[in-house]
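Following the hints, complete the assembly by docking chains F and V onto the known chain E.
Residue numbers (our numbering), protein chains in the order written: chain E, 1 to 300; chain F, 301 to 721; chain V, 722 to 999.
Derived from the structure by calculation, the hints contain no laboratory data.
Any given hint could turn out to be false.
[Stated by the list, open to error] Computed footprint of chain F on chain E, listed as stretches where at least three residues anywhere in the stretch have a Cβ under 8 angstroms from a Cβ of chain F:
id, stretch
1, 195–205
2, 238–249
3, 261–267
Where a beta carbon is used, it is the ideal one built from N, C-alpha and C, also for glycine.
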Amino acid sequence: MGARTSRPAPIATGAVNLLFAAPALLLFGMFVLLPLATSLYYAFTSWNGFTQPEWIGLSNFRRAAADPVHLRAYLHVTIYILGTLVLEVGFGLLMAVLLNSQRRGFGLMRGFFFSPMVLSMTAAGLLWTFVLDYRSGLINSVLRGFGLDDWAQPWLSQPGTALGAIVLVSGWRFAGFYMIIFFAALRRIPRSVYEAATLDGAGPVRQFFTITLPMLRRQTLTCVLLAVTGGFAGFDLFFAMTNGGPFNATEVPATWIIKQGFDNNQLGYATALTVILAVVVMVVSLIYLRMSERVDAVRY
Amino acid sequence: MRLHMTTTSVLAVLATAGFATIAAAQTEVRFTHAMTGGSNRAALDEIIANFEAANPGITINQIVFDDDIYQDTGLITQLQSNEVPDIYFQWAGFPLSRDVEAGFAADISAEMGAGWSDRFIESAFTDGAGTTVNGAIHMVPLSLDVTNTIWYNVDIFEEYGLTPPETWEEFKAVITTLAENGETPIVTGNNEFWPLGNWASHIAARVVPADQFDAALRQEMTFAEAGFLRPLELLEELHEIGAFNRDMQGLGADPGMATFFQGAAVMHPIGSWLVGLAADLADDDFRYSQFDTPVIDPDAEAPQSVIGVTTGLVVHAQAPNREAAITFLDFLTTPESQVLWAEGGSLSPVEGVTDMAEMDPQMESMAEMLGNADAMVPPPDTTYPLAVAEAWYQAAAFVASGERSPEDALDWLDTTVAALN
Amino acid sequence: MPSVTDRRSPGEWVQFAVGGLIVAAMFYPTVWMVLSAFKTNREIFRDPFGLPDQWLWGNFAEAWTEGRLGSLYLNSIIVTASAVTISVFFATAAAFAFSRLEFPFRRTLHRLMLIGLLLPPPVVAIPLFSILRDLDLLNTRWALILPGAAWSLSLTVFIMYGYFQQVRTDMEEAAMLEGANTWQIFRDISLPMVWPSMLTMAIVNTINIWNELMFALLFIVEEEKQTLPVGLIRFFGRYSTDYSMVFAALTITTLPILALYFLLQRHVIAGLSATAMD
Numbered sequence: 001m002g003a004r005t006s007r008p009a010p011i012a013t014g015a016v017n018l019l020f021a022a023p024a025l026l027l028f029g030m031f032v033l034l035p036l037a038t039s040l041y042y043a044f045t046s047w048n049g050f051t052q053p054e055w056i057g058l059s060n061f062r063r064a065a066a067d068p069v070h071l072r073a074y075l076h077v078t079i080y081i082l083g084t085l086v087l088e089v090g091f092g093l094l095m096a097v098l099l100n101s102q103r104r105g106f107g108l109m110r111g112f113f114f115s116p117m118v119l120s121m122t123a124a125g126l127l128w129t130f131v132l133d134y135r136s137g138l139i140n141s142v143l144r145g146f147g148l149d150d151w152a153q154p155w156l157s158q159p160g161t162a163l164g165a166i167v168l169v170s171g172w173r174f175a176g177f178y179m180i181i182f183f184a185a186l187r188r189i190p191r192s193v194y195e196a197a198t199l200d201g202a203g204p205v206r207q208f209f210t211i212t213l214p215m216l217r218r219q220t221l222t223c224v225l226l227a228v229t230g231g232f233a234g235f236d237l238f239f240a241m242t243n244g245g246p247f248n249a250t251e252v253p254a255t256w257i258i259k260q261g262f263d264n265n266q267l268g269y270a271t272a273l274t275v276i277l278a279v280v281v282m283v284v285s286l287i288y289l290r291m292s293e294r295v296d297a298v299r300y
Numbered sequence: 301m302r303l304h305m306t307t308t309s310v311l312a313v314l315a316t317a318g319f320a321t322i323a324a325a326q327t328e329v330r331f332t333h334a335m336t337g338g339s340n341r342a343a344l345d346e347i348i349a350n351f352e353a354a355n356p357g358i359t360i361n362q363i364v365f366d367d368d369i370y371q372d373t374g375l376i377t378q379l380q381s382n383e384v385p386d387i388y389f390q391w392a393g394f395p396l397s398r399d400v401e402a403g404f405a406a407d408i409s410a411e412m413g414a415g416w417s418d419r420f421i422e423s424a425f426t427d428g429a430g431t432t433v434n435g436a437i438h439m440v441p442l443s444l445d446v447t448n449t450i451w452y453n454v455d456i457f458e459e460y461g462l463t464p465p466e467t468w469e470e471f472k473a474v475i476t477t478l479a480e481n482g483e484t485p486i487v488t489g490n491n492e493f494w495p496l497g498n499w500a501s502h503i504a505a506r507v508v509p510a511d512q513f514d515a516a517l518r519q520e521m522t523f524a525e526a527g528f529l530r531p532l533e534l535l536e537e538l539h540e541i542g543a544f545n546r547d548m549q550g551l552g553a554d555p556g557m558a559t560f561f562q563g564a565a566v567m568h569p570i571g572s573w574l575v576g577l578a579a580d581l582a583d584d585d586f587r588y589s590q591f592d593t594p595v596i597d598p599d600a601e602a603p604q605s606v607i608g609v610t611t612g613l614v615v616h617a618q619a620p621n622r623e624a625a626i627t628f629l630d631f632l633t634t635p636e637s638q639v640l641w642a643e644g645g646s647l648s649p650v651e652g653v654t655d656m657a658e659m660d661p662q663m664e665s666m667a668e669m670l671g672n673a674d675a676m677v678p679p680p681d682t683t684y685p686l687a688v689a690e691a692w693y694q695a696a697a698f699v700a701s702g703e704r705s706p707e708d709a710l711d712w713l714d715t716t717v718a719a720l721n
Numbered sequence: 722m723p724s725v726t727d728r729r730s731p732g733e734w735v736q737f738a739v740g741g742l743i744v745a746a747m748f749y750p751t752v753w754m755v756l757s758a759f760k761t762n763r764e765i766f767r768d769p770f771g772l773p774d775q776w777l778w779g780n781f782a783e784a785w786t787e788g789r790l791g792s793l794y795l796n797s798i799i800v801t802a803s804a805v806t807i808s809v810f811f812a813t814a815a816a817f818a819f820s821r822l823e824f825p826f827r828r829t830l831h832r833l834m835l836i837g838l839l840l841p842p843p844v845v846a847i848p849l850f851s852i853l854r855d856l857d858l859l860n861t862r863w864a865l866i867l868p869g870a871a872w873s874l875s876l877t878v879f880i881m882y883g884y885f886q887q888v889r890t891d892m893e894e895a896a897m898l899e900g901a902n903t904w905q906i907f908r909d910i911s912l913p914m915v916w917p918s919m920l921t922m923a924i925v926n927t928i929n930i931w932n933e934l935m936f937a938l939l940f941i942v943e944e945e946k947q948t949l950p951v952g953l954i955r956f957f958g959r960y961s962t963d964y965s966m967v968f969a970a971l972t973i974t975t976l977p978i979l980a981l982y983f984l985l986q987r988h989v990i991a992g993l994s995a996t997a998m999d
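So here's chain E without its partners, still in its complex pose (with noise of 0.2 angstroms):
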């Protein structure tokens, strides 16, 4: 990530350029420094929001060491991480091999693969909470319409079902927002090199694996990282969806977090698994950066 290019001279110097730099500077230093600050300061105490902050030394990061949800929270996280690696970064990337084509139609087709991305996770959650649904959804209607009765299930009621729903639902959203990504890549790949391995006697799959994949590395690196990242913001679709039910098999550190900080009334406590939610992202993030720019030394 980032470009590449060096910096050309500057055009003035001298500390009133920060004038530039100052709006954009206070607005984030206000709303997301200051809380990022301050959460390191009520993560160490015990506090319901209205009262005086208590300082409680470490206390609730020992509790959330042993809080089952929060450490399951993460395990589910985990579980989602992945499957949207799949069914949103792998299935993206198999429709835009299979969506990249100058007829006509494919546009409009990946027009409306895309289009669920315009929708907000919260309407695309409430209307697979229908699709969903046990009486009379429309994925048990029509299983139920091929006879197959014992195949309809509660989806989003069962904890053995329903962050797998989730994940579909996830990858119904996204999938079109990678499709896009790896699709724009695809159109810069010479038509020559495939016109040359196709010479070679490669079929369409060795094709794929020996040319498309190696050319979209970058891209590939590049929607892992926002898979993962924007797999532990994930919020809206769980909180529309099922809320972390049922029997928390869909809790995730942000609805945990919500449920512990205002259901519970224990902000200091949620604090500290926010403090705890930022050092994951950010540790995670910065080993995945380090070891994908370590593939990228080892090519070149």
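Just chains F and V, lined up with the frame of chain E:
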């Protein structure tokens, strides 16, 4: 509509009393609650309209939330904001005492002392009713809710020749008949745990001695020691004969109730507020009735106990318009207003209203049930630390949905509660 | 590349059919939503797939008034337009400063601003709540506009900086030699140069802020100030049993956005893919 009425009434006052100027500014009383619809809400709207007609200087601004959101984030974000509501809806008992402790709930003993409290039934203001905290009155009681009874679809019962069961065995026989005929015997929308949790507590209160029930929920004794295995086993019996809807843990409380009103399930254990919602959710020809949870153990301490709670309105301690808020609450609890309120489908805590009002027959039977009960058990989530109550509710849901055995659920419950300290 | 008029090979027909089938299956829930919005509740249960017996346009009018969708739309528009304008202009100015100017702590401040790329907003939800309370902004549209704009800055600065780095500095240098001051250069030369990418970022930020749920849920209490996502959740809570109402509300709130998307497809797609490239 409301604006129109206010304007006309202002004009009327101007004309008759001959005021020179309109009262300086309208006082806006902010009132937040979770009555989104139904006949309760219609009654409330009517009372508010009457109030605004009688008090042209005051308007009531209702801030309404869906029930679940109200309890989750809706109320607490308001209580903590700079612009606090003057009046808010709350459950008596633990939620109220927590609000008092946090400094949200105003002490209204002084206002109540001046004859106002005499309007209410005798038991309205006690620590037991949960409307007072340390002897000070912090709530204007508005409804006595029976939080659990078993509603049933009369047509389907007749179709299979069933009658309301009186013993647990009869109850199971009814369920078995229904399940064998492909019906969903009991529907509960339990994604928030309290609908079934309330009923499970009712069942528990029938088989666990009162002091042990209390001790377990106060964390003075483990649930295992207190004898909570038995109620969990009873729930397991129900699960095993196919009593419950399969999607209970994904269904919200309201959709659960709607499933009952649509005839997609035969019985629905929930509180007295179902009556107030029937107007919105059920067809006019929908026939339903209720029976209390059948006697499980005739030799138990209180085999016919009823589970119920008082709900009411609280004045915020920082209410910007306290005086106007009190004026409104006073108006709301006059016998005249309460008759309207009771006819909307509530059990009024004001003396004599139940006799004066032309109440829904279902509410009459509910009032009768309260009269005949040998004990009144409060729902745990309004009486005991919320985290403990919710853990117990969740344990009940584990068993009823077949996720865990009673033993495992009990282990989980005691471990979870022990970790709370 | 074969021209469009060439006959398609069997392989291409298979590609077309498979692609079409997948796309149709994925678009079907949206169609189902729109069709169900015209039905009665009973009909949705009885015949979930068919066309409506009668097209009940009244469902939309009822959902519109019952759900106060008009006011939700208005609030979403106000919040989104303000936050997007603020974020794009502030970020462009900052990106200009970081790429064209020199001042103390430039590198540090630049890096600091990119923190938001890796942080999910839930991590500040709680302290932000108390900061907004202290500023007396809770329950006002500013509670969504300012944090919404602030959380869009990292990505916008990042992308705009990238564009500035790609654009040659010749014109700016020429203006400088003619004696223009920095502000004039920014306003008259640089802004017009990066204008297209500002539009791109405006689209991206619009999608993000328009759809934002968590802040909107926590920071706004009064119905009159709520935005669409929260309004939808509350509508669903209230009418969860009235399928046709919920479908009507969903249709009203999503169809215009979908239409707008199909109209601006090129720009939206260009915008969103730009955020992930390079």
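Structure-based check of each hint:
Only when three residues or more bring their CB closer than 8 angstroms to a CB of chain F does the claim for the stretch 195–205 of chain E stand; here the count is 0, and the claim is violated. Only residues whose C-beta sits within less than 8 angstroms of a C-beta in chain F count toward coverage, and the stretch 238–249 of chain E has 5 of them, enough to reach three; the restraint holds. Coverage of a stretch by a chain is defined here by at least three residues with a beta carbon nearer than 8 angstroms to that chain's beta carbons; for the stretch 261–267 of chain E and chain F the count is 4, and the condition holds.
Comparing the model with each earlier hint shows a violation of hint 1 alone; every other hint is respected.
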